Amino acid sequence: MYKEIAANKRKTFYILVGFIVFVAAVAYLFGMLIGDVLYITVGAIIGSFIYAIFCYFSGSRMALAVNGAKEIAKRDNPRVYRMVENLAITEGLPMPKVYIMEDAALNAFATGRDPNHSSVCVTSGLLEVMDDQELEGVLAHEMGHIKNYDIRVSMIAFALTMVISLVADLIFHVVFLRDNRNASPYILLAGIVAAIIAPIVATMIQLAISRRREYLADATGALTTRYPEGLARALEKIGQNSSVTKKQNTATAHLFFANPLKSGSLAGLFSTHPPIEERVKRLRDMGSHA
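Quick note on numbering that gives the first Met the number 0: the sequence shown kicks off at 0 and runs consecutively.
Only true hints are included.
Below 27 Å or equal to it, Euclidean Cα-Cα: the simulated DSS-like pairs (lysine-lysine) are:
no. : residue 1 : residue 2
1   : K69       : K96
2   : K261      : K236
3   : K246      : K69
4   : K236      : K280
5   : K245      : K261
6   : K69       : K245
7   : K73       : K96
8   : K96       : K246
9   : K69       : K261
10  : K69       : K236
11  : K261      : K246
Listed next, with one range per pair, are the computed distances between beta-carbon atoms:
no. : residue 1 : residue 2 : range
12  : R74       : V192      : 55 to 63 Å
13  : T249      : F21       : 17 to 25 Å
14  : F53       : N85       : 29 to 37 Å
It should be emphasised that the hints constitute simulated quantities derived from the structure, not laboratory data. Remember, it's a predicted structure, so these values are computed and weren't measured experimentally. We put the CB at the ideal spot given by N, CA and C, even for glycine.
When you get a sec, could you build the whole thing from the sequences and use the hints?
See below:
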């Protein structure tokens, strides 16, 4: 399990580096179309980091608000609050804020910029369906996201995705709305291709980060509880019921424990989560080698 955690951390780092390089490459192409490569490229990279910093400090509050999450105290729901409290003590982490979403879906998510500024949210449906071992497995998974700083990675990846989409949109408008009679046809063609594929590539990179994060958090949660079977059973229950939330928000879908989007939607086709069956299999393999 420790080898899997280390490998996933390395892969996530490499993907994020590639993400930043891709931002620079798209910005460079945009600069060629505008006629000012250095200014545009440097400006885009600086702008990316400024936007990432903005998301770093305010993204978690936005994620909680758009999903209708309400903060609770221990007296409001002692069961879930004490579980989070015990897991925080076990992991040596500060106590995160605890939120509940009034939603029948079986789901949860963690957000924040670091362990000192983190929150854990569960749906009311999850609390109703899961027994204590299963709920503890899900919460340990979410605490794993906090421990592994996945919450920070998610915010930065989301910010960079938005920057790439913005630059791609600008390229599209420059190619089709400006007078480009003096521009090289090869550069124009490259601009059209970049405008089409940039958002797709950005989304796929974000999805790759998200999927690896889920495997990593599963492994971390299993290590914390010393009982992978609890988390495996929770995943099976979610597969038999539904993790689709009432509020459909593609911007925060990657934060959730299981895919919260409708499978029939276009966004649902590009799932930010690995298959539940594969996650269960890995957990059961961990349990058999424990």
